[in-house]
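Fit chains C, P and V to the given chain U structure using the hints.
There are 4 protein chains.
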Amino acid sequence: MTTTRCTLTVRYAETDAQGIVHHSNYLVWFEEGRSDFLRQQGVNYTDVEKAGYFIVVVDAQLRYKSPAFYEDRLCIETTLEKFRGKVLEFSYRVLNQDERLLAEGRTVHMVIGKDRRPVSLPEGMLPRT
Amino acid sequence: MTTTRCTLTVRYAETDAQGIVHHSNYLVWFEEGRSDFLRQQGVNYTDVEKAGYFIVVVDAQLRYKSPAFYEDRLCIETTLEKFRGKVLEFSYRVLNQDERLLAEGRTVHMVIGKDRRPVSLPEGMLPRT
Amino acid sequence: MTTTRCTLTVRYAETDAQGIVHHSNYLVWFEEGRSDFLRQQGVNYTDVEKAGYFIVVVDAQLRYKSPAFYEDRLCIETTLEKFRGKVLEFSYRVLNQDERLLAEGRTVHMVIGKDRRPVSLPEGMLPRT
Amino acid sequence: MTTTRCTLTVRYAETDAQGIVHHSNYLVWFEEGRSDFLRQQGVNYTDVEKAGYFIVVVDAQLRYKSPAFYEDRLCIETTLEKFRGKVLEFSYRVLNQDERLLAEGRTVHMVIGKDRRPVSLPEGMLPRT
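Residue numbers (my numbering), protein chains in the order written: chain U, 1 to 129; chain C, 1 to 129; chain P, 1 to 129; chain V, 1 to 129.
Same shape as in the complex, but just chain U (with noise of 0.2 Å):
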């Protein structure tokens, strides 16, 4: 299990009317962790679309901790949990500039080609566990 780490600071457009972020934000965010997850393994994920597979998110689950604040400097912790020919799996943890855990979760993910079938990846764009 490898798990990455990288940052982003809380953007004013993520905030909602209670002063905190938007709940929503955290699934972009979880996304962002992925994304960073397999540039770090060496997988470019705009290569693997012009390759013509698509890796969708079928599941996702958040637990909310404690909220984000505009300019919080965030650590998004990503940890591909599974990895089975066409499904991967990930966890998350968002934390604050006070290692304070904000929220946790977890995606599955179905990889699928252009006519929108399950398929596997091909070697070469498979991250490590």
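Think of the hints as simulated: they come from the structure by calculation, not from any bench. Check each hint, because a few of them may be wrong.
Heads up, incomplete: computed chain U residues facing chain P, CB under 7 Å, no partners named [said to hold, decoys possible]:
no.: 1; residue: A13
no.: 2; residue: T15
no.: 3; residue: D16
no.: 4; residue: A17
no.: 5; residue: G19
no.: 6; residue: H22
no.: 7; residue: S24
no.: 8; residue: F83
Since the structure is predicted, the reported quantities are computational estimates derived from the model, not experimental observations. Quick reminder that beta carbons are idealized off the backbone N, C-alpha and C, glycines included.
Frame of chain U; chains C, P and V shown alone:
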């Protein structure tokens, strides 16, 4: 268990480079389902916040079945599954114009006061289960 | 000059920490105004893209007059100001339920083909000015 | 006239069905440019708001030159063009990793107090022109 239905048309800005709706938008649509549910129950969430109560998301689960496309005419079905004291639980189903189930999910919410501590909603702001 | 009107309800996710709608959403609403304008003119933008034509934004201007709030019921007025060959220009007015003008703007668009080069829309996909 | 530069990587969620970044995101990036500009000038916008001042957008202009794609590494150049009393004006240039100019723009801002009336920023919260 009350279920309400509201409709919305997929916006171009909600699509992504896969040509389908980005998965984070379903959380936004679930929220619109909740807003509409509360309005149909005679509860105005703007008034709830003005009175110093905030309904925050603590947990979310989403299962993606089939993609949504630009200009799809969606129906969001929202059900209040549980409502005890300070905790609300909603479930959702998103269907397109062909009555195809695109996604389903569940969110759990906590009622908090201005000090961000759990508190019960006063009478008159209570939705019916 | 044809003007069309469509309505939408402000979403919670569209608000920001100032308690008002984030200014970037007006570009999304203008786009919804355009989509609706084209539909009312019998032009389906999904079909336009399927035929290999894309209408891209090259210029946008926005003037913000008064804030929009969660659950505001907005009217988007969309006018096709100019349409010559490969260029379209639209203007917009956003009003709230009290008919207060919240914002107005203008966007200029170019029609391009799959090679991203300017091209004229074929007959049958032309909106009336 | 001070100019600051900050970088960001295009997120998948920022793309749309045309395969390029949705044009509304440039307003979000301009805002990130402003946030970073103020931080580099020693002004923390979170503190500005805590002190009861809000910098609201009253006018925005954008010119789109060339599309941005997922994973593009962008540079946002932000310049404070004018700053007189209650009004600030910024200009922006967005360049990609090949130093290609993707978009440029301008925003005008008003400083308001908690009553939403125009007011001057106090000393110590003033950025240098």
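To see whether the hints hold, each was checked on the structure:
Residue-level restraint check for U/A13 holds (minimum Cβ-Cβ distance to chain P is 5 Å; threshold 7 Å). At a threshold of 7 Å, the smallest CB-CB gap from U/T15 to chain P is about 4 Å, leaving the interface hint in force. The restraint placing U/D16 at the interface with chain P holds, with a minimum CB-CB distance near 5 Å, inside the 7 Å limit. A cut of 7 Å between beta carbons decides the hint on U/A17: the least distance to chain P is about 4 Å, and the hint holds.
Residue-level restraint check for U/G19 holds (minimum Cβ-Cβ distance to chain P is 5 Å; threshold 7 Å). Look at U/H22: its Cβ gets to within about 5 Å of chain P, closer than 7 Å, so that hint holds up. Checking U/S24 against chain P by beta carbon gives a least distance of about 6 Å; that is within 7 Å, so the hint holds. Interface hint status for U/F83: violated, as the beta-carbon distance to the closest one in chain P is roughly 32 Å, over 7 Å.
Checked against the numbered hints given earlier, this structure breaks only hint 8.
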